[in-house]
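Please build the complete structure, drawing on both the sequences and the hints.
Those protein sequences? They're chains A and B, same order as listed. Residue numbers for the first sequence follow the working numbering, beginning at 19 and rising by one. Residue numbers for the second sequence follow the working numbering, beginning at 218 and rising by one.
Be aware that a few hints might be false.
One side of the interface only, derived from the structure: several residues of chain A facing chain B at Cβ under 10 Å [stated by the list, open to error]: (1) Arg212; (2) Ser213; (3) Arg214; (4) Ala229; (5) Ile234; (6) Gly288.
Pairs of lysine to any residue residues, derived as SDA-like cross-links and limited to a Cα-Cα distance of at most 20 Å, are as follows [unchecked claim]: (7) B:Lys326 with A:Ala206; (8) B:Lys340 with A:Arg41; (9) B:Lys348 with B:Gly297; (10) B:Lys340 with B:Phe329; (11) B:Lys348 with A:Arg347; (12) B:Lys347 with A:Arg212; (13) A:Lys110 with A:Leu182; (14) B:Lys460 with B:Asn256; (15) B:Lys326 with A:Asp208; (16) B:Lys340 with B:Ser327; (17) B:Lys326 with A:Arg238; (18) B:Lys326 with A:Thr236; (19) B:Lys460 with B:Met433; (20) B:Lys460 with B:Arg438; (21) B:Lys326 with A:Tyr239; (22) B:Lys340 with A:Arg347; (23) B:Lys326 with A:Arg347; (24) B:Lys326 with A:Arg212; (25) B:Lys340 with A:Ile205; (26) B:Lys340 with A:Ala206; (27) B:Lys326 with B:Lys340.
None of these hints come from the bench; they were simulated from the model. Small disclaimer: the values here were computed from a predicted structure and weren't measured. Beta carbons are placed, not taken as given, at the ideal position from N, Cα and C, and that holds for glycine.
Letter by letter, the chains look like this.
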Amino acid sequence: MKGAPSTAPSAAAQLNARRAPSRRAFWLIPALLLPLPLWLDPYQQYVANLVLMYVPVGIGFNVVVGNLGLLAFSNVAFFGIGAYTSGVLMLKLGLPWWATIVPAGMMGGLAGCLASVPALRGVRLFYLAIMTLAFGELMRWVYIRWEPVTGGSMGMAVPAPSLLGWSLDSESHKFYAFLALVIVVIIATDRLLRSRFGRAFLAIKSNEEAAAAMGIPTDRYIVLGFAWGGFVVGIGGAMYAALVGHLTPTSFDLTELILQFAIIMLGGLGSLTGSVLGTIIVTALPELFRDLPGFEELAFGVMIVLVILFLPRGLASLLARAHPIFRDRYYRE
Amino acid sequence: MTPLLEIQDLTVRFGGLTAVDRVSFRVDAGEICALIGPNGAGKTTLFNAITGNAPMESGRVLFQGAEIQHLPAHDIAARGARRTFQNGGLFGHLTALENVLAGLHIEVKSSFLGLLFAGGAAKAEAAATKKARELLRLMELETIEDHPASELSGGQQRMVEIVRALATDPPLLLLDEPAVGLAPQMRERLGQIIRGLASERRIGVLLIEHAIELVMSISDRVIVLNYGRKVADGTPAEVRADKNVLEAYLGHA
Chain A
19 MKGAPSTAPS AAAQLNARRA PSRRAFWLIP ALLLPLPLWL DPYQQYVANL VLMYVPVGIG
79 FNVVVGNLGL LAFSNVAFFG IGAYTSGVLM LKLGLPWWAT IVPAGMMGGL AGCLASVPAL
139 RGVRLFYLAI MTLAFGELMR WVYIRWEPVT GGSMGMAVPA PSLLGWSLDS ESHKFYAFLA
199 LVIVVIIATD RLLRSRFGRA FLAIKSNEEA AAAMGIPTDR YIVLGFAWGG FVVGIGGAMY
259 AALVGHLTPT SFDLTELILQ FAIIMLGGLG SLTGSVLGTI IVTALPELFR DLPGFEELAF
319 GVMIVLVILF LPRGLASLLA RAHPIFRDRY YRE
Chain B
218 MTPLLEIQDL TVRFGGLTAV DRVSFRVDAG EICALIGPNG AGKTTLFNAI TGNAPMESGR
278 VLFQGAEIQH LPAHDIAARG ARRTFQNGGL FGHLTALENV LAGLHIEVKS SFLGLLFAGG
338 AAKAEAAATK KARELLRLME LETIEDHPAS ELSGGQQRMV EIVRALATDP PLLLLDEPAV
398 GLAPQMRERL GQIIRGLASE RRIGVLLIEH AIELVMSISD RVIVLNYGRK VADGTPAEVR
458 ADKNVLEAYL GHA
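Written out as structure tokens, the structure is:
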């Protein structure tokens, strides 16, 4: 991409090879992760599950902010709605956890459509940020006030999760269920972002007027981006319900939003690899400093400053430079 | 014969200002029609009204015989009225090739659900990519296809934007100051390209341009706007001789 342009066939072939390296090697990653729970103690397994749970949360957020380019902070609303949908369906209707995953995603997606309304009305930047932030806060009010359903501020105890009759009673069982879900979410989002849909998202991010002049129905794509983001984050919510077993409104507050925003900022805006990478760093790293009280925040703060200073395009740019296989189709480091 | 594009009494108002005032004209297939006039005459606003980017107060726009003034911009583009932008409308996040692919958006048939459940859009993407490469090659831009648009020179950006606008073989092309910032020899080549589009591919071209020599040498017809009104409409020679035009540019003698 950067080298001297050449039309020689070998150079062109090389360019092609650089453009689209085979990504089958990626399957090594989940394969290598399979025996992971065997090496970890239950607490470390919980941390691993926490990371897996946040991957969809980061991915969905990044589709809206990084790919569509809209500064919408409604992510924590999608997350909470997904979690409560899963919890309520289990507790009140007696559904098994696995049967709540898709409904949780659907409710998140529906919330995404709703959250896209200000953007469709032309609200952008800080105005959009504050309006979508209000959505998250409003949902928190709903969780607190809708006590018969949500359990109010005391929260709701979620029954133990199960998968097709199998009880996911240990952290390692959850790990495999989560891993499978995360793989599906990553593949689906990757397909979406590599297609004309992903290209349309970035066209809208670059220049909305020109995107429309390409025949791209920008409004429809904005709704679609929000809906997909909400869907994926809603699935993350269902995973959260299964992971912690107890839902309280405080889990979906501004601190949570800042954490989620840090995931995509550190990982790399608009990069799917970045969403995964950011999740690992933001959720796992603080746990390393758990025995050193006070250092958790310090490590987190220092890391953010370092990344912004030296890697403004996020950690994904570091990986993309290391090997082209990590390069997102439409993401330039 | 139905004209390719017909504008009838088009008026655009911004608050108290009438930016375009009851303008009517037509553009036929294979015709180059230039829109000239001093700065602020309403040329770009007229463009925006035609392509659905600015709301119009009254009047009609007929494209291939059908009214389009109520349609959103993306529908007008999908019908085959494609445009470039005065300040450069390329997508900076995308490469030159990806910009052309975005121009082919409506031709890349891939459905959302098909994408998720039926193994991606590889086939549709491959066909579009092949076509996009070919289009860039025709304009001798293949060496820059993988460069991010934001890193291209001004001239390259203009050319890529034109390639992108032409990607779907539209019957109508609206060019907003395509020669701005181009070196003289590039300007000449641009003129030849536009001329070729009209005479060989029968594309109707509506052109806003300040480079008056370019306009006079390639246009079939020249329309002069001043304060939002059409003050002249004729062949380059007729317009050159028109005293209204001199007035528009130089003020009252």
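Checked hints:
1. Interface hint status for Arg212 (chain A): upheld, as the beta-carbon distance to the closest one in chain B is roughly 7 Å, under 10 Å.
2. With a cut of 10 Å, the hint placing Ser213 (chain A) at the interface with chain B holds, because the nearest CB-to-CB distance is about 4 Å.
3. For Arg214 (chain A), the suggested interface contact is upheld, since its CB lies about 4 Å from the closest CB of chain B, less than 10 Å.
4. With a least beta-carbon distance of about 7 Å to chain B, the hint placing Ala229 (chain A) at the interface is held under the 10 Å criterion.
5. A cut of 10 Å between beta carbons decides the hint on Ile234 (chain A): the least distance to chain B is about 5 Å, and the hint holds.
6. Contact between Gly288 (chain A) and chain B, as hinted, is supported at the beta carbon level, the nearest pair being about 8 Å apart and thus within 10 Å.
7. Taking the CA atoms of Lys326 (chain B) and Ala206 (chain A), the gap is near 18 Å; set against the 20 Å cutoff, the hint holds.
8. Using a Cα cut-off of 20 Å, the hinted pair Lys340 (chain B) and Arg41 (chain A) holds, with the two alpha carbons roughly 17 Å apart.
9. At most 20 Å may separate the alpha-carbon atoms for a hinted pair to count; Lys348 (chain B) and Gly297 (chain B) meet this at roughly 18 Å.
10. Distance hint between Lys340 (chain B) and Phe329 (chain B) is fulfilled; the C-alpha atoms sit about 15 Å from each other, no more than 20 Å.
11. For the suggested pair Lys348 (chain B) and Arg347 (chain A), the alpha carbons sit about 19 Å apart, so the restraint of at most 20 Å is met.
12. Restraint check: the Cα-Cα separation between Lys347 (chain B) and Arg212 (chain A) comes to about 16 Å, which is no more than 20 Å; the hinted pair holds.
13. Restraint check for Lys110 (chain A) and Leu182 (chain A): the C-alpha separation of about 19 Å stays at or below 20 Å, so the hint holds.
14. With a C-alpha separation of about 19 Å, the suggested pairing of Lys460 (chain B) with Asn256 (chain B) holds against the 20 Å cut-off.
15. Annotation: proposed proximity of Lys326 (chain B) to Asp208 (chain A) holds, straight-line Cα distance about 18 Å (limit 20 Å).
16. In summary, the hint linking Lys340 (chain B) to Ser327 (chain B) is supported, as the alpha carbons are separated by about 9 Å, within the 20 Å threshold.
17. Between the alpha carbons of Lys326 (chain B) and Arg238 (chain A) the distance comes to roughly 16 Å, so the proposed pair stays at or under 20 Å and holds.
18. Of the supplied pair hints, the one linking Lys326 (chain B) and Thr236 (chain A) holds, its CA atoms being roughly 17 Å apart against a limit of 20 Å.
19. For the hint linking Lys460 (chain B) to Met433 (chain B), the alpha-carbon distance of about 17 Å falls within 20 Å, and the restraint holds.
20. The hinted pair formed by Lys460 (chain B) and Arg438 (chain B) meets the criterion: a straight-line CA distance of about 17 Å does not exceed 20 Å.
21. Between Lys326 (chain B) and Tyr239 (chain A), the direct Cα distance comes to roughly 15 Å. Compliance with the 20 Å bound is thereby established for this hinted pair.
22. A threshold of 20 Å between alpha carbons decides the hint, and for Lys340 (chain B) with Arg347 (chain A) the separation of about 16 Å falls inside it, so the pair holds.
23. Proposed proximity of Lys326 (chain B) and Arg347 (chain A) is supported: the alpha carbons are some 19 Å apart, at most 20 Å.
24. A threshold of 20 Å between alpha carbons decides the hint, and for Lys326 (chain B) with Arg212 (chain A) the separation of about 14 Å falls inside it, so the pair holds.
25. A threshold of 20 Å between alpha carbons decides the hint, and for Lys340 (chain B) with Ile205 (chain A) the separation of about 18 Å falls inside it, so the pair holds.
26. Between Lys340 (chain B) and Ala206 (chain A) the alpha-carbon distance is near 17 Å, which keeps this suggested pair within the 20 Å criterion.
27. Proposed proximity of Lys326 (chain B) and Lys340 (chain B) is supported: the alpha carbons are some 10 Å apart, at most 20 Å.
When each numbered hint is compared with the structure, no violation occurs for any of them.
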